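Generate the whole structure from the sequences, applying the supplied hints.
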Amino acid sequence: MKKQICILGSTGSIGTQALDVIRQHEDRYEVYCLTANNRVKELAEQARLFRPAAVVIANEAHYEELRNLLSDLPDIKVYAGKEALDQIVEAEPIDMVLTATVGFAGLSPTIHAIRARKKICLANKETLVVAGELIVRLAGEYHTDILPVDSEHSAIFQSLVGDASNEVEKILLTCSGGPFRLFTHEQLTHVTAADALRHPTWDMGAKITIDSATLMNKGFEVIEAKWLFGIPAGQIEVLIHPQSIVHSAVQYVDGSVKAQLGVPDMRLPIQYAFSFPERLPLQGDRLDLFDKRLEFFRPDLTKFPCLSLAFEAIGKGGNMPCVLNAANEIVNEGFRRGQCSFLAMGDIIGQTMSRCTFDATPDYGVYLQTDAEARRIATEIMNQ
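Using the numbering used here, read the sequence shown as starting at 1 and increasing by one per residue.
It is worth saying that the hints were derived from the structure and are not from the lab.
Since this is a predicted model, take the numbers as computed values, not measurements.
Check before you lean on any hint, since a few could be wrong.
The list that follows gives simulated cross-link-like pairs (lysine to aspartate or glutamate, EDC-like), each with its CA atoms no further than 16 Å apart [said to hold, decoys possible]: (1) Lys170 <-> Glu60; (2) Lys2 <-> Glu92; (3) Lys3 <-> Glu60; (4) Lys2 <-> Asp95; (5) Lys207 <-> Glu333; (6) Lys77 <-> Glu64; (7) Lys82 <-> Glu60; (8) Lys170 <-> Glu237; (9) Lys258 <-> Glu169; (10) Lys258 <-> Asp163; (11) Lys316 <-> Glu42; (12) Lys258 <-> Glu186; (13) Lys77 <-> Glu60; (14) Lys2 <-> Glu30; (15) Lys2 <-> Asp27; (16) Lys119 <-> Glu45; (17) Lys3 <-> Glu64; (18) Lys41 <-> Glu65; (19) Lys119 <-> Asp95; (20) Lys3 <-> Glu186; (21) Lys41 <-> Glu90; (22) Lys3 <-> Glu30; (23) Lys41 <-> Asp27; (24) Lys41 <-> Glu64; (25) Lys316 <-> Asp359; (26) Lys2 <-> Glu26; (27) Lys77 <-> Glu45; (28) Lys303 <-> Glu169; (29) Lys119 <-> Glu90; (30) Lys119 <-> Asp163; (31) Lys119 <-> Asp145; (32) Lys303 <-> Asp347; (33) Lys119 <-> Glu141; (34) Lys207 <-> Asp195; (35) Lys170 <-> Glu141; (36) Lys77 <-> Glu65; (37) Lys3 <-> Glu42; (38) Lys258 <-> Glu237.
Quick look at the structure:
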């Protein structure tokens with residue numbers, strides 16, 4: 001029987017590429033549910049193409065529009081609201097949930113999907129950044145598999161296959177360096193959101209692209225890797241790799257290094273999460289190593305302090321990564337709206353971390369309180 005897939009965030013970059021993977025393997029996979037936050041017309045178009053059992057628009061203000069757009073397709077159930085997201089992932093026919101939403105909003109439906117024992121294909125890194133300890137504990141309690149979809153974490157996962165019982169010396173987490181890798185501090189004072197959105201190798205949504213420009217995205221991936229693979233952050237090394245060919249690697253205690261290489265195409269890690277342990281055919285470009293040079297550099301933590309802040313947050317633990325994420329969501333949007341400068345983002349996040357209430361043993365309620373408090377503090381600092 002075909003595997004039934006629920007895609008949280010189907011209109012975003014990951015979601016649309018996941019639908020392409022499903023289209024290539026219609027004999028294996030079927031869409032059970034599609035969800036979006038605000039892109040109601042795109043969601044309706046996807047529903048017409050894939051005919052899922054249900055669609056959910058998180059922003060309830062768009063419910064009537066979505067229902068009207070799909071009124072001639074009565075077999076597709078239309079729901080709205082955040083509670084509907086939590087409920088739909090628990091639907092009995094669903095085999096796997098691709099969490100491709102962006103930000104803190106992905107946490108609650110992921111928790112519900114874990115408790116419903118659905119296979120999790122995780123593309124929402126904030127889930128583990130904010131509440132990694134809780135998510136790992138729940139996954140163990142409910143015997144739920146979590147497979148990474150981020151290209152870097154998929155590469156690490158692939159490099160661990162066959163060596164799960166062998167000791168890892170360190171994880172080598174690669175990073176393109178973003179559009180400002182070679183900029184001076186003076187040049188960074190003048191960059192705009194439009195400049196930051198021109199990522200050199202990856203086609204991603206606006207929020208993640210800005211996070212890549214500040215290297216906060218890589219900081220989040222360090223935290224995510226710690227929880228996914230049980231590796232202390234001190235054993236995770238970030239390498240700037242402008243070509244984005246080596247997607248990440250694992251160094252073992254005997255000194256050997258296993259890496260996963262490929263063209264920058266997110267469909268590959270999406271498909272691998274769907275099909276593991278199988279490898280299925282995938283249409284697309286192939287890597288030509290005769291035409292590539294591979295370079296690696298150390299990140300400049302002075303120019304890109306967000307990476308340091310991420311290491312600081314995971315080092316302190318507790319709810320501090322939740323503070324980090326909430327403050328970052330505020331300044332990321334603020335930068336895109338012209339409310340703060342590129343360099344101010346790191347300063348605001350650092351100040352928020354120093355002012356927010358620390359809790360060493362948070363539960364889900366504390367995460368919610370922390371998220372709200374950190375957003376309020378970051379907003380106040382940004383508007384000063």
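Hint-by-hint comparison with the structure:
1. For the given pair, Lys170 sits about 45 Å from Glu60 by alpha-carbon distance, which is inconsistent with the 16 Å threshold.
2. Pair hint Lys2 plus Glu92 holds up; C-alpha atoms about 14 Å apart against a cutoff of 16 Å.
3. Between Lys3 and Glu60, the direct Cα distance comes to roughly 29 Å. Violation of the 16 Å bound is thereby established for this hinted pair.
4. In summary, the hint linking Lys2 to Asp95 is supported, as the alpha carbons are separated by about 9 Å, within the 16 Å threshold.
5. With a C-alpha separation of about 7 Å, the suggested pairing of Lys207 with Glu333 holds against the 16 Å cut-off.
6. Straight-line distance between C-alpha atoms of Lys77 and Glu64 comes to about 13 Å, which keeps the hinted pair within the 16 Å bound.
7. Restraint check for Lys82 and Glu60: the C-alpha separation of about 8 Å stays at or below 16 Å, so the hint holds.
8. Our distance criterion of 16 Å between C-alpha atoms is met by Lys170 and Glu237, whose separation comes to about 7 Å.
9. With a CA separation close to 12 Å, the supplied pair Lys258 and Glu169 stays within the 16 Å bound.
10. Distance hint between Lys258 and Asp163 is fulfilled; the C-alpha atoms sit about 10 Å from each other, no more than 16 Å.
11. Distance check on the hinted pair: Lys316 and Glu42 sit about 41 Å apart at the alpha-carbon level, beyond 16 Å; violated.
12. Taken as a hint, the Lys258 and Glu186 pair is broken in the structure, with Cα atoms around 38 Å apart against an allowance of 16 Å.
13. Distance restraint check for Lys77 and Glu60: the Cα-Cα separation of roughly 15 Å lies within the 16 Å cut-off, and the hinted pair is therefore satisfied.
14. With a C-alpha separation of about 6 Å, the suggested pairing of Lys2 with Glu30 holds against the 16 Å cut-off.
15. Restraint check: the Cα-Cα separation between Lys2 and Asp27 comes to about 7 Å, which is no more than 16 Å; the hinted pair holds.
16. The suggested pairing of Lys119 with Glu45 is violated, with an alpha-carbon distance near 26 Å, which exceeds 16 Å.
17. Of the supplied pair hints, the one linking Lys3 and Glu64 is violated, its CA atoms being roughly 30 Å apart against a limit of 16 Å.
18. The hinted pair formed by Lys41 and Glu65 meets the criterion: a straight-line CA distance of about 9 Å does not exceed 16 Å.
19. Restraint check for Lys119 and Asp95: the C-alpha separation of about 6 Å stays at or below 16 Å, so the hint holds.
20. A C-alpha spacing of about 52 Å is found between Lys3 and Glu186, which places the hinted pair above 16 Å, so the restraint is violated.
21. About 25 Å separates the Cα atoms of Lys41 and Glu90, which puts this hinted pair outside 16 Å; it is violated.
22. Simply put, Lys3 and Glu30 have alpha-carbon atoms about 6 Å apart, close enough for the 16 Å limit, and the pair holds.
23. Taken as a hint, the Lys41 and Asp27 pair is broken in the structure, with Cα atoms around 27 Å apart against an allowance of 16 Å.
24. For the proposed pair Lys41 and Glu64, the alpha carbon gap of about 12 Å is at most 16 Å, so the pair holds.
25. Restraint check for Lys316 and Asp359: satisfied, since their Cα atoms lie roughly 10 Å apart, inside the 16 Å limit.
26. The suggested pairing of Lys2 with Glu26 holds, with an alpha-carbon distance near 8 Å, which does not exceed 16 Å.
27. For the hint pairing Lys77 with Glu45, the CA-to-CA distance comes to about 15 Å; that is within 16 Å, so the pair holds.
28. Annotation: proposed proximity of Lys303 to Glu169 is violated, straight-line Cα distance about 28 Å (limit 16 Å).
29. Distance restraint check for Lys119 and Glu90: the Cα-Cα separation of roughly 11 Å lies within the 16 Å cut-off, and the hinted pair is therefore satisfied.
30. Pair hint Lys119 plus Asp163 does not hold up; C-alpha atoms about 22 Å apart against a cutoff of 16 Å.
31. Of the pairs offered as hints, the one joining Lys119 and Asp145 holds, with about 5 Å between alpha carbons and a cut-off of 16 Å not exceeded.
32. For the suggested pair Lys303 and Asp347, the alpha carbons sit about 12 Å apart, so the restraint of at most 16 Å is met.
33. Under the criterion of a C-alpha separation no larger than 16 Å, the hint pairing Lys119 with Glu141 is consistent with the structure, at around 14 Å.
34. Restraint check for Lys207 and Asp195: the C-alpha separation of about 13 Å stays at or below 16 Å, so the hint holds.
35. With a CA separation close to 27 Å, the supplied pair Lys170 and Glu141 exceeds the 16 Å bound.
36. As the CA atoms of Lys77 and Glu65 are separated by approximately 14 Å, the hinted pair is consistent with the 16 Å bound.
37. With a CA separation close to 24 Å, the supplied pair Lys3 and Glu42 exceeds the 16 Å bound.
38. Proposed proximity of Lys258 and Glu237 is supported: the alpha carbons are some 15 Å apart, at most 16 Å.
The structure is inconsistent with the numbered hints 1, 3, 11, 12, 16, 17, 20, 21, 23, 28, 30, 35 and 37, although it conforms to all the rest.
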